[in-house]
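A.B. asks: Protein sequence lines correspond, in order, to chains A and B.
Each residue of the first sequence is one higher than the last, beginning at 1 in the numbering used here.
Each residue of the second sequence is one higher than the last, beginning at 1 in the numbering used here.
Note that these hints are calculated values from the structure, not bench results.
Beta carbons are placed, not taken as given, at the ideal position from N, Cα and C, and that holds for glycine.
Heads up, some of the hints might be wrong.
As the list claims (entries may be wrong) - From the structure, some residues in chain B lie toward chain A, with a derived Cβ separation under 10 angstroms:
#1 Ala12
#2 Pro46
#3 Phe198
#4 Tyr206
#5 Gln213
#6 Thr216
#7 Gly219
#8 Val220
#9 Gly277
#10 Val278
#11 Thr280
#12 Trp282
Stated by the list, open to error - 20 angstroms max Cα-Cα, derived EDC-like pairs, lysine to aspartate or glutamate:
#13 A/Lys250 x A/Asp482
#14 A/Lys387 x B/Asp13
#15 A/Lys394 x B/Asp13
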Amino acid sequence: MSQAPTLQLRDVSKHFGQVTALASGSIELYPGSIHALIGENGAGKSTLVKIIAGLYHRDSGEFLFEGKPVDFKSTAESKAAGIAVIYQEPTLFPDLSVTENVFMGRQPVNRFFRINRSAMRAEVVQLMERLGVGLDPDRPTRGLSIADQQIIEIAKAISLDAKVLIMDEPTAALSGVEVERLFAVARQLRDEGRALMFISHRFNEVFSLCDTVTVMRDGNYVSTVAIKDTNEHQLVTQMVGREVTSLFPKLDTEVGETVLEVHGLNSPGVFADIDLHVDAGEIVGLSGLVGAGRSEVARAIFGVDPYTDGQVQLLGKPLPARNPAAAMAAGIGFVPEDRRQQGLVMQNPIATNITDAIRGSLVKRGVITHKAENAAAQIWAHNLEVKTASLDAKAETLSGGNQQKVVLAKWLASNPKLLIIDEPTRGIDVGTKSEVHRRMSQLAKEGMAILMISSELPEVLGMADRVYVMHEGRITAELSRDEATPESVMYAATHSSVPAPAAVEIEVTETIVETGK
Amino acid sequence: MSERVLDKTYYADYAKPLWRRTLINRESAIVVLLFAVIITACTTVPNFAETITIYHILQNYFTALMLALPMCLVMITGDIDISVGSMVGLSCSLTGVVYNAGGPLEVGMLCGIAVGLLGGLVNGLLVTRIGLPALAVTLGTMALFRGLAVGMLGTTTVTKFPENWTMIPQLEITGTGIPVVMIFYVLLAGVFVWLLHFTTFGRGIYAIGLNAQAATFSGVNSGRTRTIAFVLAGGLAGLGGVYWTLLRGVARGDTGDGLELQVIAAIVLGGVSVFGGVGTIWGSIAGVLLIGTLANALQVVGITADIIKIITGGLLIAAVLAGSLITWINNRRAKLDRLSTDGD
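Same shape as in the complex, but just chain B (with noise of 0.2 angstroms):
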């Protein structure tokens, strides 16, 4: 048959109008939430209102707001990686390491961020080409990066770094307490915002954490898909381990440690289904953010560290809950929509 220009469109684009598709969903119920804390905190909480407040937010969630980007990537792909918060700590060792022998600081912050790249290439390489599970390996590497990034310093900290690296966390777009390193965050978030919904590479990892077998039959390359999200995991944990150095001028094997759980949790509470194929970026800043001022409200009236684990977790799993609650809708309905077309 030939191809028919069409003059008039036969289907809606659309089920449902524009106000239905983009406020009723998990990603924008987070936002909500997430204005309700702040507005909540600003009203309830004592000196909660002031610019520090979000100086201090943004700087402490810097490395997760950075990490969540690609982990949302490899999430949806249908994997996970679990030792993003050791890269970060290997990264930071380095660092240091590369400092403490006389080289530039530049030359070690490079080696930070190569580290990362090179230890998710490890971890796309074994998930895709030998076929092992995400789960698996980065368990592995998470012990193994942790490993190196203490062995490396030994009992040693490495501080004392030159003050024109160390202060760069440190500046704030004046006035406004954001930090300076937020207009790059956002240059950032811009380019995941287009690999994953602008580009044919983001409509691929969605097909291949919702059915990988007909992505490849749509000559979507699974294998290298997935190993970039790795590989992007590892190098914005590179960069996260060299922020960490500079913000606190120290480079130690610890850094970093459960950052990864901060994360995950994190983007699932934003919309990020663990099983892959669903989620978004947007959605998963709002998931950092939530997380990150809850903590930074409930810390300031004095709340202790252990009873805000225990809220933030129950938030996620009533996130989550509510999440799982709202698909079982949607599925019965969907169920009768398809008997309408098909009562077969």
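So here's chain A without its partners, still in its complex pose (with noise of 0.2 angstroms):
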């Protein structure tokens, strides 16, 4: 590259007392190029980006932009010099309408300090333009989907002229098809002579969206290279520092009774006629785009949303609807898709989380003591290697690995019958990802029934013993474990119904690159 670095680290270091959260960390952005970033939780990475958008102060190293040193007191100064950053969950003010939210703050005025709304709006209009979406400039953010927000925040730093766009995991949220219209955006900022930065646990999307990658282990610089000459497994080693046999070890299950017989379930507008039952010893995959369906059916299953008609049956005999206590009685356990608001009570001790599924067990003589709590925390705390000093430590104090650890403790507390989980590895490390993998495959060995929702192909193809695939609320396809192909899989993803899967391939290409425009 001939061209200078917009922006340089170099050997940058922060500690917080005694705690280095990066010891050395190096990047060089480059105008017209989009760089990975990539590395296990706790490598340094968002401390790295939290230096760069001015949030901390590095403790040693140099900070270059556009060739001059910069420092950074705040992330005010860090915007006005041209760097935004696009975090994965962004915030809006969700009654604000998406000019006023682009402008927040600095709001065009005319002579009389009266704010210029037409201004506001044209340059929105323009700017929605440019980036080719249709978003209204006059609708309150709220309801937005997580991608849309995005391109808001996109069309802020685009309209402060930022030379330097880092992205903090956009696409851990977004369907397929807003992966892809991010993307198209991406790029096109990229032509524009911008420098991005992305950061990803997904290597599929590293692949094809960027140029150069970084990786980065246990705060220090590893590698960067050119993404034409490096492959996912030298990247996955270079990330853990050691060999990665496979990341999906599935072991064969003999398949039991059957635990979950789910039939003709509806709720209108959400998913309609949902049949599917999960056997003992059995992990089943509910693969589909996001927004499908999917969370809502395993929510209604569990009794925390509603449905009309149909029936849940665990173990033959049937659950009431919209009680999860009764769900819970039955044994089911429920890991859920955000474990921030629904698995975890962030504020709480990790021994009372853990302890919230199986509370009413340790109550003696109608009494329950912090130490009944303690000591059965204990027990499941150790069984899944939560890393913490102490079991009244806040869960929000862990890391997203070891709060998701909480959350199977708690669940696996309970000894489930059916444990369904949502997600199970989403924003959590490689290394973490396969001993959560490693976990569920052992449980689904020793007879439990795992119901698996995902939104990551190789881990429904890797994990699942069979895939229930869904599209706009019903299910589109029953697929076993040979018949389960990313093509297969995808297609049913995307039609409504499934014709022979012969000519199928072809039209799965086409498919995509229509919806991802």
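Starting from the two chains in their separate frames, assemble the complex, guided by the hints.
C.D. replies: This is how it looks when you write it as structure tokens:
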């Protein structure tokens, strides 16, 4: 690359007291390039981003922006210099319009300090056109998908004429189509000569979008290579510092009696005619694009969401609708999609969270004590190797992977017959991920029935003995382990009915391209 | 994976030693402040260190002490009930009306308690079933119940209640200055400590206040739990109305006016968060006692009611300010701790 880098970090470190969050971070972002930053959770990626964003101040090392040393003391300073950071979940003002959100804090005014609404609106219309996104500038941002909210953040960055755009795991909550749209926008920004940085746990995205990749491990810079000169295996090895034999170690299991049976489940506008069953010892995947109604079905089975007709049976006994307590008593465990909002009470201690699903059994003579909770939590925290110094640490102080372990511990403690896991490995690092997969496989081998929802196709294909695919609220395919291929699953996920699979493959690529526009 | 039985402990149960957990917190600070006020008053205020002082404070703050218990539950779930003062008035009026109409006082008192329970149920169902905000609902029922309380009696006041009942609030545990009704209160407080701190119901209350969604996903019946808290508040407000009727020997529609804010202020002072999820029964009780003692001491030295209001108001703001300052410091610490386990 002949051009000078827009942004350079050299041997940057950040310590908090005794703790080293970043030992030696280095990265160079060039104009007209999309640079991937990958590494396990705890590798120091986010710390590096926060230093660039001006949220943290580095302890040592060099930070150059457009060739000049800079020293950002606040996010406002880095923003003013031309650095924009887009986080996984944007924080917009839900009741304000798209336009007002784009111009928050810097509304153009006319002579009498009156906000110039028409100028604001005109610019947003222009921005949306440029990004090729049909977002109404006047609608409130409440109810917009995360993908659309990110677009607003990007529009904000462009209107600020940001030279560096950093995206911290932007695709974690997006569906395939939305990811394609985001990538189209990213490529456009790259072609305009901006420097982009992209953090993701998904290799296929890194390979399809980025041109350069930097790997970090344990707070240190490991390597930077051109995408075309590397492969997934090599990157994974660099990330974990060891050979990873298989990401998805699913053991063969003996399938036992039917544990969960769902007949004709309906919820108008959400899902329809859901028939499925999960047997003991089986991992059943529920696949489909985000918004296909997978999580809604799982929540209805567990009783959190309502359904109008149909029946859920556990081991032959019907379960009442809308009654999670009854579902738990019958033997269902449910690891929800969003561990921060649904899985954990973040401000409660680890011990309280782990015992949330089994608390009734800890009551002795009408009294439940912290001692009893701690004793029970002790076992499960250890079983799942939760990393913490004490059991009264709040769940919010743990890393994402450890939080997920706490949610798993909570439900495994209840010794369920059926475990529903919605996005088992979202946002957690590679090491913990394969650990979670290994445990799921082990649990199935011990006779537990597992219903797994996942947006990651390799996870579904690697882990599931059987896959149901949903499209727009209906099950469009039931595939055995042998039948399930990326093509067959993706085809069912994008089509309402499934014709003979022979003619499928060519059409698949077409569909993805079409919807990707 | 199979469940392993531990032959040793792998984690410390607590990060901090017992004395730090019990002494360095909001509740202990309020208890220390309470004792400081008592000691200062005993040494500087003439005639304060008498049993009669205890008698007056406990007698006048008995209803507030009672209401602090369910209000603590209601507020920890993240709701609020500002209609309790009006429910005290409604209960008081109804007791008087039933007695005035020729019914036995016992029936009147039961009606008073029943109307409180019913009012609490109405609040609870409007909030949980229909999903209205608790502040709006109880703001409405506050006016509604007060209107009923005043309208029911019209311009009359009911007096001349039988003495075998009206003497009950006056009874004193001989030589201590403590009213006999406090025995009931101690038992009641014990029940609430058990409910909030030692039952799954109580764990559910905290979970709802901190993260209602996660509570639902853990099988907590949030609607029922919150409704029960409102019903308890209503029931004890009903009992409070009966208490006032007997204490004063008069049934009036304006009984309990402003009591709700007094109770809420006291328990917030005692460490209950207005955002829910945080608070304890003992802290709430200490908060009421602190305000009661302070107000009484100031009154004895001749400070007028308006100044007392200014002082207690200022104290509340100072306490909340100190609380958020502590939270801020703790959060900063936690942030640093978090980075130690998760550098990412």
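A.B. asks: Each hint should be assessed against the structure and marked as holding or not.
C.D. replies: So, going through the hints one by one against the coordinates:
Taking 10 angstroms as the C-beta cut-off, the interface hint given for alanine 12 of chain B holds, the closest approach to chain A being about 4 angstroms. With its C-beta approaching chain A no nearer than about 46 angstroms, proline 46 of chain B sits outside the 10 angstroms limit, and its interface hint is violated. Checking phenylalanine 198 of chain B against chain A: minimum C-beta separation of about 5 angstroms stays under 10 angstroms; hint holds. For the restraint placing tyrosine 206 of chain B at the interface with chain A, the shortest Cβ-Cβ distance is roughly 7 angstroms, inside the 10 angstroms limit, so the hint holds.
Interface restraint check for glutamine 213 of chain B: the shortest CB-CB distance to chain A comes to about 5 angstroms, inside 10 angstroms, so the restraint holds. The interface hint given for threonine 216 of chain B holds, since its Cβ lies 6 angstroms from the closest Cβ of chain A, which is under the 10 angstroms cut-off. For glycine 219 of chain B, the interface hint holds, since its Cβ comes within 10 angstroms of a Cβ in chain A; the closest pair sits about 4 angstroms apart. Given hint, valine 220 of chain B at the interface with chain A, holds; its Cβ is 8 angstroms from that chain's nearest Cβ, closer than 10 angstroms.
With 10 angstroms as the threshold, the beta carbon of glycine 277 of chain B comes within range of chain A, its nearest partner Cβ sitting at about 6 angstroms, so the hint holds. This hint holds: valine 278 of chain B has a C-beta 8 angstroms from the nearest C-beta of chain A, less than the 10 angstroms allowed. Because the smallest distance between the Cβ of threonine 280 of chain B and any Cβ of chain A comes to about 13 angstroms, over 10 angstroms, the interface hint for this residue is violated. At a threshold of 10 angstroms, the smallest CB-CB gap from tryptophan 282 of chain B to chain A is about 16 angstroms, leaving the interface hint violated.
Pair hint lysine 250 of chain A plus aspartate 482 of chain A holds up; C-alpha atoms about 14 angstroms apart against a cutoff of 20 angstroms. A C-alpha spacing of about 14 angstroms is found between lysine 387 of chain A and aspartate 13 of chain B, which places the hinted pair at or below 20 angstroms, so the restraint holds. Between lysine 394 of chain A and aspartate 13 of chain B the alpha-carbon distance is near 12 angstroms, which keeps this suggested pair within the 20 angstroms criterion.
Violated hints, listed in ascending order, are 2, 11, 12; each of the other numbered hints is respected by the structure.
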